[in-house]
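*Asks:* Given chain A, put chain B in place with the hints provided.
Protein chains: 2
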Amino acid sequence: MANDKKMVEQITSMDEDFAQWYTDIVKKADLIDYSSVKGCMIIRPYGYAIWENIQKIMDARFKETGVENVYMPLFIPESLLNKEKDHVEGFAPEVAWVTHGGSEPLTERLCVRPTSETLFCEHYANIIKSYRDLPKLYNQWCSVVRWEKTTRPFLRSREFLWQEGHTMHATAEESEAETLKMLDVYADFFEKDLAIPVIKGRKTDKEKFAGAIATYTVEALMHDGKALQGGTSHNFGDGFARAFNIQYLDRDNKLKFCHQTSWGVSTRIIGAIIMTHGDNNGLVLPPAIAPVQVVIVPVQMQKEGVLDTANELKQRISKIARVKLDDSDNSPGWKYAEYEMKGVPLRVEIGPRDIENGQCVIVRRDNREKTFVKFDELEKAISEQLEALNNSIYEKALDNRTKRTYTETDLTSFIETAKTKSGYIRAHWCGSEECELKLKELADVTSRCMPFGEQGEHGRCICCGKETDKLVYWGKAY
Amino acid sequence: MANDKKMVEQITSMDEDFAQWYTDIVKKADLIDYSSVKGCMIIRPYGYAIWENIQKIMDARFKETGVENVYMPLFIPESLLNKEKDHVEGFAPEVAWVTHGGSEPLTERLCVRPTSETLFCEHYANIIKSYRDLPKLYNQWCSVVRWEKTTRPFLRSREFLWQEGHTMHATAEESEAETLKMLDVYADFFEKDLAIPVIKGRKTDKEKFAGAIATYTVEALMHDGKALQGGTSHNFGDGFARAFNIQYLDRDNKLKFCHQTSWGVSTRIIGAIIMTHGDNNGLVLPPAIAPVQVVIVPVQMQKEGVLDTANELKQRISKIARVKLDDSDNSPGWKYAEYEMKGVPLRVEIGPRDIENGQCVIVRRDNREKTFVKFDELEKAISEQLEALNNSIYEKALDNRTKRTYTETDLTSFIETAKTKSGYIRAHWCGSEECELKLKELADVTSRCMPFGEQGEHGRCICCGKETDKLVYWGKAY
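As given, the protein sequences belong to chains A and B, one line each in that order.
Numbering-wise, the first sequence is residues 44 to 521 according to the working numbering.
Numbering-wise, the second sequence is residues 44 to 521 according to the working numbering.
Just so you know, the hints here were simulated from the structure itself, not pulled from any lab data.
No incorrect hints appear here.
All copies of an identical chain are treated as equivalent in the list; a pair is satisfied when it fits inside any one copy or across any two copies.
Okay, derived cross-link-like pairs now, DSS-like style, lysine-lysine, Cα gap no bigger than 30 Å in a straight line: (1) 128 with 243; (2) 126 with 70; (3) 70 with 106; (4) 126 with 192; (5) 235 with 70; (6) 99 with 235; (7) 70 with 299; (8) 269 with 439; (9) 70 with 297; (10) 357 with 224; (11) 235 with 106; (12) 362 with 106; (13) 99 with 224; (14) 251 with 269; (15) 71 with 299; (16) 367 with 99; (17) 423 with 362; (18) 251 with 299; (19) 235 with 362; (20) 513 with 464; (21) 367 with 172; (22) 172 with 71; (23) 99 with 362; (24) 483 with 269; (25) 357 with 99; (26) 462 with 243; (27) 509 with 251.
Chain A on its own, in the form it takes in the complex (with noise of 0.2 Å):
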């Protein structure tokens, strides 16, 4: 072939090391690329599509249960910050600081948004004076900083974009309401769009976020048995209001203290999204937030029909799905390979002889399944494809969770499969802090949540024996 295009690059093989597989894949799908500034990544077109393609989905759903959104400052005074006690410990250690606009020393330092709880609740206290004005419903889509020591793409990075929801209730039922509420929208985004099993559950106190009465959160166990924490919804109680002085008229006239909760996801998606579905020939898309969902790729395409026969395919396919026709001087070989390692869930083959048999051939990216469809059928194929591979890297991702899910009742054995396998072990506890530190000390795990639906059988604690209703799965997070 005459092109002076890179060749499509090995990656490193998932099995040899996780972790280099996983930086080749952000790197060599052109996901993301490095800069001089340390901790922070630059997001590529076809990572950033990705990300559009999420939040389209996921703004649609909030702005269903009825969430608006706004901008608020990117800087918190110092003084702002220090106001909710918990909150300011949790955050401090990790803000960037402002210190000087322009040549000028800041009278206040300000810090650079880690999160926007008290933002959002000065705001509040500004504008909710009656019962009338609740609930309030805001979210904002933005970038946060966390000055993180160490740092991986998408994964933990000083840099990131996310949405963070925070509403405000009358009551303390409506808030924990709406904590659920919104936890169910991740859960359900993540099963159905992104087409990655979680569990729903709460967070012990040792692991919810700084200031909240409760998080809750929905996990997501790795293709490596590592845990991540997809979304978090955190009901705040009225802490924040007691410390901001968000009040409201009630109908009896009395006034009351607004009930709170904060809840987001960030694009640490995206490494989920990798490592869920990722293969040792690159990404694995799931076709809700796939920037190309379809590939055309023709073959002997300087045959006459080829290309036009192509193009006619395409303008078909764009009207059930987003659809790329590939006619570069590139080989087929090199363009397989690249839209594998970029993960388009669907690809296209077309030449000479498929032509005389009034058909295509449709290869699914994740099995390499390869489907003869006459031209007639193409819509139908095409849709069956997409929704047969959604549920294929579902199931598959159920099948490695399930398979890396160990239920342990005795403390020797929990730290021998903390140290042997890698997932989720299952484990009563007793909810003590000190419990939670031992077993981190003695198997290098934490509590990754305590599940919905698993809470209320008797058993004994993991580490003190003592008896509880409280199950927990533990592991080893990203």
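*Replies:* Chain B alone, transformed into the frame defined by chain A:
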């Protein structure tokens, strides 16, 4: 009416105090709120919904021209900002500096991006190798920070939202063509979607962007006769490419420097909309970006059939426009004032007598013109009235500009006009910065732009009398 909602308050008359009128609108129409972060604004749901509509339309237009979105880091290391001399001189005095991460001082301070040329350049230097990699057409939607001394919501704030396009090309011709193409995209958006007439032209060297060889602008004239720069498009030539060593291997096997553009519009646009179309009753929003295009206000809604009919109308209108039915217990009069304040283009009134007559009333926001519309002509009437309003407000703005454009050929008269009128002054100019500065001193005006299509005609510089074919629009600007 039994309700405890605020009454719609009067705003300051625009003829009495234009600046206060503006401030009243941004507050009373719920566009923004202030916070303890000095010089930064909170964009509230109604204001942000306008911005979302602007983004959606512009983003689609950008993508039609082949532009892809990316995300660059929020921070720029000082050494990177310093790489292009003119650029750093232009921006360094007004950037915010991050000096600490957590409790540790940084080894190199980072500025919060005031614009991202330097980051894009560093990235482009990394990824552009061959003529095959060109053009690169990237854009990002983000917030930027400029440490302004005096601030006003939307018009000048320390943080604002914008898009910044950054493109790389093989030749000088291509970068110039791109610069002008994006200027056209802006002009078209202003004229068609915002109903704001603009003048396309080139900035003088004094007013051009720090580091550019040419800056083009779309300039709009506000109701009070002050000019507002709506969007700018810059051709950088190969200046940054040389500073950042961005070279590509051309077909002739020679290494060549890239040619570069950047172009941006910001939340200032919202300020322009307010000051072009607003009146003493509040905002007037062009339909394309209005969060609510039609509001239905039921009259005597406790009467049988009124709310049902209102809901039916809503269903029908929702297929062709963004519609809201306000069935709250506020009085119709309160609702009229509220949605006039918020600039909703059309109001539909429906009461028992209308229902008897098989009709409703459509009231236009701009001129309060009422039209009785038979139910079966509803959709047609809504579409027509939206278009009519859009045309009317455009024409009104154009009229204002025409009336406020003065041509001067004599310095004394120029100064007199500058002191007694408010608008554009058309006058020839020799091209020297000296004369530009002198006019600033004598008449307190700056050059807004050298309009396309008005150059080449001979005249004498308004300041020094030298023969020239350059014509400049002068004015006072936001």
